[in-house]
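Participant: With the first letter of the sequence shown counted as 1, position 243 gets the number 243 in the working numbering; the numbers rise by one all the way through.
Please keep in mind that the hints were generated in silico from the structure rather than gathered at the bench.
Heads up, the beta-carbon is just placed ideally off N, CA and C, and yes, glycines get one too.
Please note: incorrect hints may appear among the correct ones.
With a straight-line Cα cutoff of 25 Å, these simulated BS3-like cross-link-like pairs (lysine-lysine) come out [stated by the list, open to error]: (1) Lys-316 / Lys-234; (2) Lys-250 / Lys-234; (3) Lys-234 / Lys-103; (4) Lys-200 / Lys-250; (5) Lys-234 / Lys-309; (6) Lys-250 / Lys-316; (7) Lys-200 / Lys-102; (8) Lys-241 / Lys-309.
Pairwise CB distance ranges (calculated) [as the list claims (entries may be wrong)]: (9) Ala-245 / Thr-113: 51 to 57 Å; (10) Ile-40 / Leu-148: 31 to 37 Å; (11) Lys-103 / Val-208: 32 to 38 Å; (12) Lys-103 / Ala-270: 31 to 37 Å.
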Amino acid sequence: MLNLTYLQMESKLKAEESNNATMREFALVGFSDTPNLQWILFGIFLVIYLIILLGNSIIILLTRTDPTLQNPMYFFLGNFSFLEICYVTTTIPRMLRDIWTKKGNISFVACATQMCFVLIFGGTECLLLTVMAYDRYVAICNPLHYPLVMNHKVCIQLLAGSWVSGIPFEIGQTCQIFSLSFCGSNIINDFFCDIPPILKLACGDTFVNEMLVYIVAVVFFMVPFLLIITSYGKIISSVLKLSSARGRAKAFSTCSSHLTVIILFYETAAITYFQPKSNKSEGLAKLLALFYTILTPMMNPIIYSLRNKDVMMALKKLLPKCSLCNHMHVKI
């Protein structure tokens, strides 16, 4: 009898140890619920990642080397492209690895690190889009003062502020989320460690944590969005006062690419972080996350190149040079 009781206790302890070991990591579901499409999805996401890397790298190269693109607008665009590369690199390589290995296990530390970088790059994107809107506001509403107001030193300060401002807040937010207890399921129904699906796994009342998430989201999401709306309200008012139809068309064309990117990014991110959990299915949440973390960065270089005459002209000048370099290399 004593031996039987001892064996039962030992079995129980082993089960608890096993459970605790499991809870040292999460399991990302990703797209494992579509097993027949795994390799197709792997190919699609790999191509998307390569397009993002190539497209944004070309924009960085053009804004760094072409003489006609040496102004604040393209300085910020080049840095925005670099930010997009950083942003997608926090999620896509890991997702490709999970699809390839058919395993979605991720340690607490790796999950927290991924979340922290996603939040930092996402917050930086919101601030940088605001800076780019301010740049367009000064260029269109105060063109005579533009070279003075947006000088190189100011541009560097605005860029540095966009990158650095959110880091303490996003690190703090990540720490407060991962300080919670996770005693139930460890399965994250997403392809990366995002706040909403992880909060669902936490034990006990998470009201305070959710409120902190909303506060940070308001500061780094809604406030920049309102500043962007204010900037473009003044831009539209100034443009409509122009007597020349050609001048109005040119002014609107310089802003259309930026506005398109803002709408794509903000619309999907807002639904993800501000819609109540009860009103949103897990499938829709995953689709929205896929859109604002992967598809929008893929579309940005296309939007900026096809809708921007200066970028298209710089690209046309670059292509013959590349062809000439390749031809010379073949001869050598």
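Participant: List, from low to high, the hint numbers that the structure doesn't satisfy.
Facilitator: 1, 3, 4 and 10
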